[in-house]
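Number of protein chains: 2
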Amino acid sequence: MADGPTINTIAERAGVSIASVSRVLNGLPTRQETERKVLKAAEELGYVRNAVARSLKSRRTDQVAFAMADVGNPAYLAMLRQIQPVLKAAGYRLVLHSTDAVAADEIDVLHSLGERYVDGLIMSPLRVTDAHLEMLAAARAPVVIIGSVPEGTPVDNVRADSRTGVRLAVDHLYALGRRRIAMVNGPLDTVPGAARGAAYREALEDLGLPYDDDLVQIGDFYRAEGARAVAELLARVPDVDALMCANDLIALGALDVLRAAGRRVPDDVAVVGMDDTDLAAASWPSLTSVSLGSAERGKVAAELLLDRLRGGDREPRVVTVAPRLAVRASTAGPAYEPADRKEGGA
Amino acid sequence: MADGPTINTIAERAGVSIASVSRVLNGLPTRQETERKVLKAAEELGYVRNAVARSLKSRRTDQVAFAMADVGNPAYLAMLRQIQPVLKAAGYRLVLHSTDAVAADEIDVLHSLGERYVDGLIMSPLRVTDAHLEMLAAARAPVVIIGSVPEGTPVDNVRADSRTGVRLAVDHLYALGRRRIAMVNGPLDTVPGAARGAAYREALEDLGLPYDDDLVQIGDFYRAEGARAVAELLARVPDVDALMCANDLIALGALDVLRAAGRRVPDDVAVVGMDDTDLAAASWPSLTSVSLGSAERGKVAAELLLDRLRGGDREPRVVTVAPRLAVRASTAGPAYEPADRKEGGA
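Just so you know, the protein sequences line up as chains F and R, in that order.
According to full-length UniProt numbering, the residues represented by the first sequence are 1 to 346, in order.
According to full-length UniProt numbering, the residues represented by the second sequence are 1 to 346, in order.
Check before you lean on any hint, since a few could be wrong.
One copy or two, either will do: identical chains are not told apart, so a pair holds if it fits within one copy or between any two.
Computed list of lysine to aspartate or glutamate pairs in EDC-like fashion (alpha-carbon distance at most 16 Å, straight line) [stated by the list, open to error]:
hint, residue 1, residue 2
1, K40, E303
2, K88, D213
3, K299, E44
4, K40, D214
5, K40, D267
6, K299, E134
7, K88, D108
8, K88, E225
9, K40, D220
10, K88, D313
11, K88, D130
12, K88, D307
By construction, these hints were calculated from the structure, which means they are not laboratory data.
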């Protein structure tokens, strides 16, 4: 919770790990000295221990949680649409958390597993911090991560391959004759931002294109932020002829700005998105986009979690879903004029 | 849950009300004969009682639930963006349910309040059935309904005024000279579908326009369904000159179909949506839409719930948020050609 004491602030005050605080507050066996420190810090900070915690150990709730980074991003909705029926068919009610990719909120969700209000959790964090890894190692219920966690993290892990995905897109733009291919990315301290940025650089190198800092613009993974980033980019590099956008929302923001600036898509500037959400096919012009298999990742995550909930005691599994390029009008389609004015095409 | 026994099926088998089943299963005082019937039916149907239920009575969880009809509809996201910070500031974690407006799932969420995994609930049902009303009367935690429930329902209730909203839109279209104004609606057995359909009829009558069944098309509140409905409508009534759509998703589906059919918006057909979601301003052409105050309704609902959670013992309150028309290019804006081909306008 933002304004009250959290296990973060208690851990800081007590000088112990977050996982230790979580264990103590959930009533699990802990070294006496650690317990003393945590309870003292909790008391000083005014933390009111959840009375439910102790009573719930090892009981079923028939609920499972899915913690999404951004409930407004259709990529997560595509996951949700696969996760919900798989769990429902197995008798589980799904509860959702929208964390806005705020690490503290994600940690809080992981901590709350000790309160046993759900039997398991699927989470899609954008950033995987040390606190995440600590909490994952100490999780009191099965967790499946959609995204990439380091080797050895003791949870099931369903990954996209955005590196290959970016490669598919850049190769496609190159094959269309584009040579001033810019990258519009999200923050580089996120897992997808870092992976996609590196992949863009690699792809250019392999094609023998020079890497140019001016062609890289960092914003955030939302439409309005994407639009702002593209406006800046166009002001700095007016001769850009293709935009590799790190997700579909950014790409839609790009289309807004290009339209307002009178740049034709794809004639003047080709645009590729990423995630191949429902919005890509429905936008106008329709958007070429790299599918990272959101729906498939959701389905696999739900199945892995169910397997755990049914008692599957096995080594953590890593499943990687392969990307695919969906080519549409924003790069290679027919010109994007409406039917009634094709004759007037510029 | 869909495939196991539910309180619905137990109530049916036992020949008692759903609320009675909920009371028995949550361990609340009930007539002995009723209890006997319910437990017998539950046993016969193989219902495994939630062991958590009894242990949780009157304990705080610091969680609040928001049950949305369609997590893919930005109108609910606008509510969510207001609800989340209000509750978070008061120390509550928010959990979400996406019910797809399935009554059984909504009933299940209301029932689960007895398990006390949350301290309160905000719900936006599309249909309010007798089972909803029974469960609301017996709810084990404070509930706020966003939508309309009958007078006397013992819960706080935050309403939109879609009747006045439709009136604003139809008057606007009339003022622009449109006389063949069609209505593209969602199902008439939903609260918004019924209200918006009736309001359309009233608005036409007040303007002295004839009501024509051919001008009314019923689909559902999703983009693809809206597109299908508009395609049917255009085939049947080619001379339609304005579309009053019952939400923004339907209106976006209408734009897709009109574009594919070569009909100019707004020159040939003006389009109005409803809910004034983020998608309305971002679509192309930008969409005139009736704001029903989604954000404001979310905020008011969260505040009413907080008031209850803080012990506010008062008569149920009904708050109605006034509508507002946001006029954009799809009815009255500049022509919708991109800047670089304005000269070639057909």
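Verification of the hints:
1. For the identical chains of this complex, K40 and E303 are neighbours neither inside a copy (42 Å) nor across copies (33 Å), given an alpha-carbon limit of 16 Å.
2. When the C-alpha separation of K88 and D213 is checked against a cutoff of 16 Å, the pair qualifies neither within a copy, at 48 Å, nor between copies, at 40 Å.
3. Proximity of K299 to E44 under the C-alpha cut-off of 16 Å is found in neither arrangement, the shortest distances being 44 Å within a copy and 33 Å between copies.
4. Neither within a single protomer nor between protomers do K40 and D214 lie at most 16 Å apart by alpha-carbon distance, with minima of 53 Å and 73 Å respectively.
5. Taking the shortest alpha-carbon separations for K40 and D267, neither the intra-copy value of 66 Å nor the inter-copy value of 71 Å comes in at or below 16 Å.
6. In this assembly of identical chains, the alpha carbons of K299 and E134 never lie at most 16 Å apart, being 26 Å within a copy and 35 Å across copies at closest.
7. With identical chains, the CA atoms of K88 and D108 are at most 16 Å apart between copies only, with a shortest distance of 12 Å across copies and 25 Å within one.
8. Taking CA atoms no more than 16 Å apart as the test, K88 paired with E225 passes in neither setting, with 36 Å inside one copy and 25 Å between copies.
9. In the homo-oligomer, the alpha carbons of K40 and D220 never lie at most 16 Å apart, since the shortest distance is 40 Å inside one protomer and 56 Å across protomers.
10. Taking CA atoms no more than 16 Å apart as the test, K88 paired with D313 passes in neither setting, with 22 Å inside one copy and 36 Å between copies.
11. Taking the shortest alpha-carbon separations for K88 and D130, neither the intra-copy value of 33 Å nor the inter-copy value of 24 Å comes in at or below 16 Å.
12. With identical chains, the CA atoms of K88 and D307 are at most 16 Å apart within one copy only, with a shortest distance of 14 Å there and 33 Å across copies.
Hint check: violations occur at hints 1, 2, 3, 4, 5, 6, 8, 9, 10, 11; the rest are consistent with the structure.
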